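S.K.: Could you put together the complete structure from these sequences and hints?
Residue numbers (our numbering): 133 to 349.
No lab work stands behind these hints, which were simulated from the structure alone. Just so you know, these numbers come straight off a predicted model, no measurement behind them. Treat each hint with caution, since some may be false.
As a list, the in silico BS3-like pairs of lysine-lysine whose alpha-carbon atoms are at most 30 angstroms apart [as the list claims (entries may be wrong)]:
1. K285 x K338
2. K200 x K181
3. K200 x K140
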Amino acid sequence: MSESLYQKNHELLQHLMTQANIVDVEELSRLSGVSIWQLTRLQYGLITKMQLETLLKIAATLQLPLDKLIKTFVEQSNSIDVVTQSEQDLVNLQQEYQKLQQQLKQQQELLYQEFQQESIQVLESWLLQWPTAAVAVHKNPQLLAEKLLPLVKPVEHLLEQWGVEAIASVGEELPYDPIWHELMKGSAQPGEMVKVRYVGYKQRDKLLYRARVSPLE
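M.R.: Okay, here's the thing in structure tokens:
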């Protein structure tokens, strides 16, 4: 490759790094996990000879679509022969990229199916018994709720597997914390005692639903 092509690609890479708030090639290498040597190959116009995985890392770090990154650097070539070969290599890269996308899509679908199957297995007893229990309650409203509570255990077990935890329990009295609690009525200052009316939920450290509380009367 000519020195002029290297200079053009070097300036282009500098421009893209500036747009992504990256100071220099060393920082780009560190953020992307791509070696300086590979980034040098990019600047020498050897993008079509680089592995797709490497280009994906560079594109992601520069916040560019892969096809735009490839097209941008291929168009810098000032040699007809190189451009012709690069266009063919570009087609090959695009085909490989599409193949990778399809594989990722299939993998995501498979993981989702496995997730559904595992969830169904955990909920099996509830799925089989709850419809019958619902009919029984409809026919006999006096049916004790305590007889139905064990049927909810599979749902609770599934939530535990997902890392979902209840925030307090119904009827519990505790210090008001606006981060985790929502006042249903009245007012309360942080630290003042309130009573839990509806349970809230969090998943690990992420808030899902605040527990609904009211001031002590």
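S.K.: Each of the hints needs a verdict: does it hold here or not?
M.R.: Status of each hint after checking the structure:
A distance of roughly 23 angstroms separates the Cα atoms of K285 and K338; the hinted pair therefore holds under the 30 angstroms criterion. With a C-alpha separation of about 16 angstroms, the suggested pair K200 and K181 falls inside the 30 angstroms cut-off, and the hint holds. Proposed proximity of K200 and K140 is supported: the alpha carbons are some 17 angstroms apart, at most 30 angstroms.
Comparing the model with each earlier hint shows no violations; every hint is respected.
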